[in-house]
Every structure is written in structure tokens, then in C-alpha cells.
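Novice: Residue-level listing of the chains:
There are 2 protein chains.
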Amino acid sequence: MQLYSYFRSSAAYRVRIALNIKGIAYEYLGVHLLKDGGQQLSDGYRALNPSALVPTLVDADVTLGQSLAIIEYLDETHPQPPLLPADAAGRARVRAIAQAIACDTHPLNNLRVLKYLKRNLQVSDDAKNEWYRHWVGLGLAAVESMLADSSSTGRYCHGDTPGLADACLVPQVYNARRFDCDLSAFPTVVRIDEACRELPAFDLAQPEKQPDFE
Amino acid sequence: MQLYSYFRSSAAYRVRIALNIKGIAYEYLGVHLLKDGGQQLSDGYRALNPSALVPTLVDADVTLGQSLAIIEYLDETHPQPPLLPADAAGRARVRAIAQAIACDTHPLNNLRVLKYLKRNLQVSDDAKNEWYRHWVGLGLAAVESMLADSSSTGRYCHGDTPGLADACLVPQVYNARRFDCDLSAFPTVVRIDEACRELPAFDLAQPEKQPDFE
Numbered sequence: 001m002q003l004y005s006y007f008r009s010s011a012a013y014r015v016r017i018a019l020n021i022k023g024i025a026y027e028y029l030g031v032h033l034l035k036d037g038g039q040q041l042s043d044g045y046r047a048l049n050p051s052a053l054v055p056t057l058v059d060a061d062v063t064l065g066q067s068l069a070i071i072e073y074l075d076e077t078h079p080q081p082p083l084l085p086a087d088a089a090g091r092a093r094v095r096a097i098a099q100a101i102a103c104d105t106h107p108l109n110n111l112r113v114l115k116y117l118k119r120n121l122q123v124s125d126d127a128k129n130e131w132y133r134h135w136v137g138l139g140l141a142a143v144e145s146m147l148a149d150s151s152s153t154g155r156y157c158h159g160d161t162p163g164l165a166d167a168c169l170v171p172q173v174y175n176a177r178r179f180d181c182d183l184s185a186f187p188t189v190v191r192i193d194e195a196c197r198e199l200p201a202f203d204l205a206q207p208e209k210q211p212d213f214e
Numbered sequence: 001m002q003l004y005s006y007f008r009s010s011a012a013y014r015v016r017i018a019l020n021i022k023g024i025a026y027e028y029l030g031v032h033l034l035k036d037g038g039q040q041l042s043d044g045y046r047a048l049n050p051s052a053l054v055p056t057l058v059d060a061d062v063t064l065g066q067s068l069a070i071i072e073y074l075d076e077t078h079p080q081p082p083l084l085p086a087d088a089a090g091r092a093r094v095r096a097i098a099q100a101i102a103c104d105t106h107p108l109n110n111l112r113v114l115k116y117l118k119r120n121l122q123v124s125d126d127a128k129n130e131w132y133r134h135w136v137g138l139g140l141a142a143v144e145s146m147l148a149d150s151s152s153t154g155r156y157c158h159g160d161t162p163g164l165a166d167a168c169l170v171p172q173v174y175n176a177r178r179f180d181c182d183l184s185a186f187p188t189v190v191r192i193d194e195a196c197r198e199l200p201a202f203d204l205a206q207p208e209k210q211p212d213f214e
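Chains as they are written, first to last, in this note's numbering: chain A, 1 to 214; chain B, 1 to 214.
Don't take every hint at face value.
Listed next, the in silico SDA-like pairs over lysine to any residue satisfying Cα-Cα at most 25 Å (straight line) [said to hold, decoys possible]: (1) Lys128/A - Arg119/B; (2) Lys22/B - Ala88/A; (3) Lys35/B - His134/A; (4) Lys118/B - Asp180/B; (5) Lys22/A - Asp87/B; (6) Lys22/B - Ala89/A; (7) Lys118/B - Glu130/A; (8) Lys128/B - Asn120/A; (9) Lys128/A - Leu114/B; (10) Lys115/A - Arg112/B; (11) Lys118/B - Leu111/A; (12) Lys115/B - Asn110/A; (13) Lys128/A - Lys115/B; (14) Lys118/B - Gln122/A; (15) Lys128/B - Gly137/A; (16) Lys128/B - Ala127/A; (17) Lys35/A - Leu138/B; (18) Lys35/B - Asp212/B; (19) Lys128/A - Tyr116/A; (20) Lys128/A - Leu121/B; (21) Lys115/A - Arg133/B; (22) Lys115/B - Arg133/A; (23) Lys128/A - Lys128/B; (24) Lys118/B - Tyr116/A; (25) Lys118/B - Ser124/A; (26) Lys22/B - Val62/B; (27) Lys128/A - Gln122/B; (28) Lys115/A - Ser145/B; (29) Lys128/A - Asp125/B; (30) Lys128/B - Leu117/A; (31) Lys128/B - Leu138/A.
Calculated directly from the structure, the hints in this document are not laboratory data.
Turn these sequences into a full structure, and let the hints steer you where they fit.
Specialist: Next comes the structure, spelled out in C-alpha cells:
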């Protein structure tokens, strides 16, 4: 398998975690989101991924974008260890936590959105950072409630096995820290993030340990 | 089952389509996103859905937010007719199309985001509408490529049976039309949207046919 990734992309970070949990070896192909006007916007990359976003996974004749779709694909093609629980209600809960991050939070703070705020709307750096923290705050508050108020939460987001929701949580918390978001209202999020980062699968997926880190 | 919905919410619209395709009867509970300062922000609704977004599905003791998680839950608990294909690569393709809409496009144009642009960033109506069309244009361009360049595309997004991707596509096209987005570059999207809307499951899910429509 090949993974087109950028060390700092939180969507790519999710997939790296999933690949590591599964123990799948893969070739890392860096796509620099800032160099060359954005390598993800090149015709060559767009032919692989029409959304012009990272990550893209290539598994023989299957080429896939969208981090959550990729992770579910990995879970279906490499079932052990599972990244989703076996029961429908549990699976839905894990997906809902993942989507509270991947649909409600991260898309608002993606690089292309921050660029649009600056270039097209002439937003100041301060207002841009406030925007970032606003959506992270709302998103993590929702996730904190989903975690703190449920008896399904364990050492990780769902029970005592790391899975899809954790693979989304850790990169989001990483981003939040990078933008100095206040995490004090999210103790369960912080606790689970720490528990995850102790695992080699998460540790080796962190931006600082990628071949294109700079 | 009960569905907390708002007639115009495109995330709720997706779930209404899925419920109709499955032939599942449900109680419609309107959550008015504009009245009372936003009924979704009330403590009562937040207790059901900490993200304070519609939709929320209640199925006996299971309470779920996130439209994609809800649709996959319905597909797992009511397998016929399926909303996802049987093979892992096909499932991933359908999920990736759905997520190109639900993660990359719609979250940027959600009501709360448009409000933030107006209230917090003092963006003009023209600039707000340009923002809307920009993200719809990028999102639908990606979806158009995914559809037009694949032999898996049929009468609907994946083969000749409507499913998860179609349930996301039709509400997104509805939104695009509401904001006068130019769809001329997306002929496959437009063709599939039309084919879907001929089906009663899609027709009955449209905003104009909901009990809270105004």
C-alpha cells in the first residue's frame, strides 16, 4: 500500500494511526501542501484524488480519498484488530464521535479554509486564530459530552480498545494544541488523548515522526 | 423511531431519504433552527445531541447524532434494501463520495458558519454568498470527477440502486440551487440528482414536503 500524506495533515494522521494499529506496512509518499503552490493541487495528484486533499490510499487497483472511508476500508479488508465495535449501536456511537471531529470541526480549520479567510476575506491573524479556536472549542465540547456522559467510554473513546474515534481524536487535539486552544474544559478528551499517545501505533503516526516532517 | 429534523437541514434531509428508502415509519419532530434563538441550542435538545445540530435519531434506547453515522446504523439494523454495496472497494467509494459532501462541502456552509461570517467577521452578504458558492463549487467539482471518471457510476452514484452517496448528493444539490450556484460544469451530478428525485423516497424527503416547512 501507498499513503499520500503530509506530516501535519490531521486527516492523514488519522489514517497513519489506523494503518499502524492494523500493523500494515505502507510506503509513505509526501505531498507538500505549501510547496509548489500546493502539491495537492497538481494535475498528477488530482488524477488520484479529485478533491485535491490528503490523504490518498492506494491498495493495488483501489485508490481512495477521504480519511474515514479509508479507515473503514482498512477495517473491512484487515479485520484484526477491529477499529469499530461489533454491535450496531456501538458502531454508530464510534462513527458519531469520529464525525463530530471529521465533519463538524476539522473541515472548518483546514488549510484551504484558513487561506480563504486571509486572502479572500482579508481577515486578520487574530480573527483567524479566534475562528480556529471557536470551532475547535465547539467541536471538542460536543465530543467531551459524548465521552463524559456515556458508560461506553473506557480507557479509550469506546471501551478499552483504541479505534476509529481515537484515530480522529488525537490528531484533533494535536491541532488544538498547535493553535493554543484551551483544553481545560475537556478533561475526558485530554485523558484519552494521553492514553492513546502512549501506544506505539499513535506515537509513530505523529507529525514529528514522519519522513517529510520539517 | 423519532427523527429530530428541520425541513431545510441538508443533514436531516439525508436521513429522511435513507428512512424512506428503507421504508421505516418514523415520528417527525421539528427543531426550528431560527426560532427561539435556535431551538437546537436549548438544554433539552443538547441533552439528546451535544453537538446541538440536527438531525438526531431516537430508536428505543439508542440516541444518535451525525447523519452519516445514523444512515450506516439504519443500514446495519435494517439491511434491506442496502444503502452500501457488498464489496469493500465499492463501500469505500460510496463513503468517499458521501464524505466529499458531508465533510468537505456542507460543513463550510452550515447555518452556524454563515452566521459567524456575518456576525463575528462582518462579512457582506455578497461575500458570504461567494463563500457559499466557492465551497459548493469545489465540492461538487470533486464529486463530478469521482462520478464521471468511474465505470461504477450508473443511473445513481454507484450502479443502478440509490444509496448513501445519493442520499448526500440530492440535499447538496438542493442547497446549491437555493444559493444560485452554477451547476453547468457538473452534468453527472445534475443527471443523478434528477434520477433520484423521481423516486418517491427522495421526493417525500424534500424540504417542501416536511411538516415544519414554511
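Novice: Any hints this thing doesn't respect? Which numbers, in order?
Specialist: none
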